[in-house]
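K.L.:
Just so you know, the protein sequences line up as chains A and B, in that order. Each residue of the first sequence is one higher than the last, beginning at 3 in our numbering. Each residue of the second sequence is one higher than the last, beginning at 10 in our numbering.
Because the hints were derived from the structure by calculation, they are not lab data. Only a predicted model underlies this, so the values are computations on that prediction, with no experimental measurement involved. Please note that the accuracy of each hint is not assured.
Heads up, simulated DSSO-like pairs for lysine-lysine below, C-alpha to C-alpha not over 30 Å straight-line [stated by the list, open to error]: (1) K59/B with K322/A; (2) K247/B with K15/B; (3) K438/A with K16/A; (4) K291/B with K17/A; (5) K59/B with K173/A; (6) K208/B with K237/B; (7) K96/B with K149/B; (8) K187/B with K169/A; (9) K17/B with K247/B; (10) K93/B with K169/A.
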Amino acid sequence: MQVYIDILFWVRQKKWLLVALIYGMSMHHLVSPPADLNMAAYDALIIISMALILIITEPLPLPAIAIFMLFMQVVLGIDTANNVASSFMNDAVFFIMGSLMLAVAIVSQGLDKRLALGIIKLTGHKTWRIIAGFTAISAILASFIGEHTVAAMMMPVGLTLVRYAHKDPRKVAGLTAALLFSIAYGATIGSIGTPSGGGRNVIMMNYWTEFGVGTVSYLEWMKYVYPMVLFQIPFTVMILLWTFKPEQDNLDTAVRKLVVEVARSGKIRGREWLAIILFVLVFFGWVFLSEDFGLGIIALVGVFLYLAFGLVEWSELNRKTNWGVILLFGAAISIGIQMNQTGAAEWVAGVIISNLSQVIHSPEALQGSVAVLLTGIMSNILSSSATVAVVGPIVLDLGGDKILIGFATAIASAFGYFTAVAAPACTIIYSSGLVKSKDFLRAGWKMGVLSVLSLLGLALLWWPVLR
Amino acid sequence: MKYTYKIKPESLKFLTAISSSEYSGPTLGMGSLIASVFDASLGVVYVGEKANEFHGSSVNLTRKNLDNWNIIHPGLETLKWALKELKAYFPENVALGGIQFNADHVYKENGRVRVLLPEEKGCRVELILREGELVDQLRKEIQLEGYDLAIIGGSQNKRHLAHSIIQYLPSSILVLQKFKPRKKYKLLLLVDDSDATEKSVAWGALIAEKLGWPVHILTVSKTKRFGKGYQGAADMAKTYFDSMNIEIEQSFITGDPVSTFVDFAGDNHMIIMGASTLNPIKQLLFGSKPIKTLARTDVPILIVR
Numbered sequence: 003m004q005v006y007i008d009i010l011f012w013v014r015q016k017k018w019l020l021v022a023l024i025y026g027m028s029m030h031h032l033v034s035p036p037a038d039l040n041m042a043a044y045d046a047l048i049i050i051s052m053a054l055i056l057i058i059t060e061p062l063p064l065p066a067i068a069i070f071m072l073f074m075q076v077v078l079g080i081d082t083a084n085n086v087a088s089s090f091m092n093d094a095v096f097f098i099m100g101s102l103m104l105a106v107a108i109v110s111q112g113l114d115k116r117l118a119l120g121i122i123k124l125t126g127h128k129t130w131r132i133i134a135g136f137t138a139i140s141a142i143l144a145s146f147i148g149e150h151t152v153a154a155m156m157m158p159v160g161l162t163l164v165r166y167a168h169k170d171p172r173k174v175a176g177l178t179a180a181l182l183f184s185i186a187y188g189a190t191i192g193s194i195g196t197p198s199g200g201g202r203n204v205i206m207m208n209y210w211t212e213f214g215v216g217t218v219s220y221l222e223w224m225k226y227v228y229p230m231v232l233f234q235i236p237f238t239v240m241i242l243l244w245t246f247k248p249e250q251d252n253l254d255t256a257v258r259k260l261v262v263e264v265a266r267s268g269k270i271r272g273r274e275w276l277a278i279i280l281f282v283l284v285f286f287g288w289v290f291l292s293e294d295f296g297l298g299i300i301a302l303v304g305v306f307l308y309l310a311f312g313l314v315e316w317s318e319l320n321r322k323t324n325w326g327v328i329l330l331f332g333a334a335i336s337i338g339i340q341m342n343q344t345g346a347a348e349w350v351a352g353v354i355i356s357n358l359s360q361v362i363h364s365p366e367a368l369q370g371s372v373a374v375l376l377t378g379i380m381s382n383i384l385s386s387s388a389t390v391a392v393v394g395p396i397v398l399d400l401g402g403d404k405i406l407i408g409f410a411t412a413i414a415s416a417f418g419y420f421t422a423v424a425a426p427a428c429t430i431i432y433s434s435g436l437v438k439s440k441d442f443l444r445a446g447w448k449m450g451v452l453s454v455l456s457l458l459g460l461a462l463l464w465w466p467v468l469r
Numbered sequence: 010m011k012y013t014y015k016i017k018p019e020s021l022k023f024l025t026a027i028s029s030s031e032y033s034g035p036t037l038g039m040g041s042l043i044a045s046v047f048d049a050s051l052g053v054v055y056v057g058e059k060a061n062e063f064h065g066s067s068v069n070l071t072r073k074n075l076d077n078w079n080i081i082h083p084g085l086e087t088l089k090w091a092l093k094e095l096k097a098y099f100p101e102n103v104a105l106g107g108i109q110f111n112a113d114h115v116y117k118e119n120g121r122v123r124v125l126l127p128e129e130k131g132c133r134v135e136l137i138l139r140e141g142e143l144v145d146q147l148r149k150e151i152q153l154e155g156y157d158l159a160i161i162g163g164s165q166n167k168r169h170l171a172h173s174i175i176q177y178l179p180s181s182i183l184v185l186q187k188f189k190p191r192k193k194y195k196l197l198l199l200v201d202d203s204d205a206t207e208k209s210v211a212w213g214a215l216i217a218e219k220l221g222w223p224v225h226i227l228t229v230s231k232t233k234r235f236g237k238g239y240q241g242a243a244d245m246a247k248t249y250f251d252s253m254n255i256e257i258e259q260s261f262i263t264g265d266p267v268s269t270f271v272d273f274a275g276d277n278h279m280i281i282m283g284a285s286t287l288n289p290i291k292q293l294l295f296g297s298k299p300i301k302t303l304a305r306t307d308v309p310i311l312i313v314r
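Make a model of the complete structure from these sequences and hints.
P.N.:
Here you go:
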């Protein structure tokens, strides 16, 4: 009897794996591909839809899903083992690996205490100014060092302020939510600003290069996208204050206690200066050398320097880096390349365009709407970077200016305001246990409207000036 | 013939699952109360939501950084509250009173985090932090430590989880729905010819003896005729209680068992019944008396395995 219970329990836990397998086998063996789709492209689409089921429902660890995507390409004969292996590793994966390791190296320096003092000096004690400061600093920093790094550094500052504002954070729920969301949404709106703001930006750049669309430099990216970051900051502050209505107008006592706590760490030390200098070097490398060396390689050089100067131990990097995510992005980009090469992406794009062209007559409006809606919706279910890895090849085949469509897609992938799963910064504040899923919806829809309108403004008013 | 199953209270291990200081007070209170009267050891487990795997390392990195600011994991915060509550429940327990919660003294093992407490004689409390799906994590914890009884608060997801909790947790289960710690409940002991009845009777007698709650033994048959098995089980239950000098009331009712249990229990009983011995696949497809009863009643229910 116990054996039956164990089997039933396994089925309960792995039901979505079984669903994915049954779906995949049925589609491969029982359903013929559409006439205008070759078998390799059809199989690539089956693999990607199975992977999506597995990623969303998580019956398996991410590395297992990555391995599944890789071996299925070979088993179904889409490509040879060597070609799959070479499409698996590229500069975008190097960048994701490097940026995850840089995050560990930077966060472990304790620079967050310096950051806290800096923000307080800038903002003073008024609640709205602190929220504005948190949003602006998170956005600007995240645009260069990535939202996960910024959220990891800012969270303690935010939570310490909340703790000093009231013993029980639930009694100042509005203030708590406003402070934490200023970190999460600030980092999220900032993450689109430069290529190094998020792995998804680099994935899109990689697709542009891989599919022969062209190259975009670090500064060019900033020229196209950074105005949107700056434009959104004040409106985000207004949305947060309007939605969460902090209970206290002034955080005098909390700020004083925070300053006392932070002041205990003394003057900035040599190794902290070194950590900052190394990051500035990496930043300049991204700005001036990435076209020759690639963003990923430069990120890895940064990791090398942090290790060489003894600012971080390898054991710490090894322990705190999510190798599973790196594997998954490698595999997702690999299947994305197959979608492009087999014609699967073009076929999906064609189906979407032919079905929706009856509704939206202007080709540009149709391509832009599809890219933004598809990416925005999927990033709230999956994760922003995974969305770009999967959707990227399809939207680039929608037609129109592939660079602009790529920008719109990368930007829309940051519209994951509605759930805790989309953006790392949102997951991080959710893990505090002090914000609820419904808080994401309360503020998220307003942020969604703001971002869509900002993107529209950017595409209609700013990009035509640049092209 | 008579019931021979005996419980050795001093060797019992109970597990209480808590979710937050806001909602888990009654569950922790009942867990500590019955662990105390049974002289059982008590594990307190917090099962929190696991971060999305994509961002798991970023969350861990943040938590590590929060440690530097002395801001601890919300689950550890809840366990700290639980230890404080336990001390308040048992001011006379000197060993427990002497223990201080230290968030730095935690040990990661077997997919869980254990708060290290001094192993002083008389303490017998474990604080455990787990993250993931509730039933899966409780099952792993029970299998790992061999708990005899899992005590769970009634949640809004109860009906959705009823089947999984009963079918997959490998221990007896006490679900505290709308439980009021100061209320004196009556025990409603359901007796029939199933194999689990003997254990239910032993648990019911022990609880009645330790907590002083009145007992009502109920036997329900779908037909007017109560077979030998039903009659014999009811008689043996009465003999068992008589041997422990516990007074009981006893009823025989004809009707649909689950509806009768639920109606009879009203809002002032705690139901005790045996786990189903039906084939697990049949239970999955058609349900079982415990699953249906748990899904329909709002009173605390102990399902003995």
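K.L.:
Each of the hints needs a verdict: does it hold here or not?
P.N.:
Now for the hints, and whether the structure bears them out:
no. : hint               : result
1   : K59/B with K322/A  : holds, 17 Å
2   : K247/B with K15/B  : holds, 16 Å
3   : K438/A with K16/A  : holds, 27 Å
4   : K291/B with K17/A  : holds, 18 Å
5   : K59/B with K173/A  : holds, 25 Å
6   : K208/B with K237/B : holds, 19 Å
7   : K96/B with K149/B  : holds, 27 Å
8   : K187/B with K169/A : holds, 29 Å
9   : K17/B with K247/B  : holds, 21 Å
10  : K93/B with K169/A  : holds, 17 Å
Checked against the numbered hints given earlier, this structure breaks none of them.
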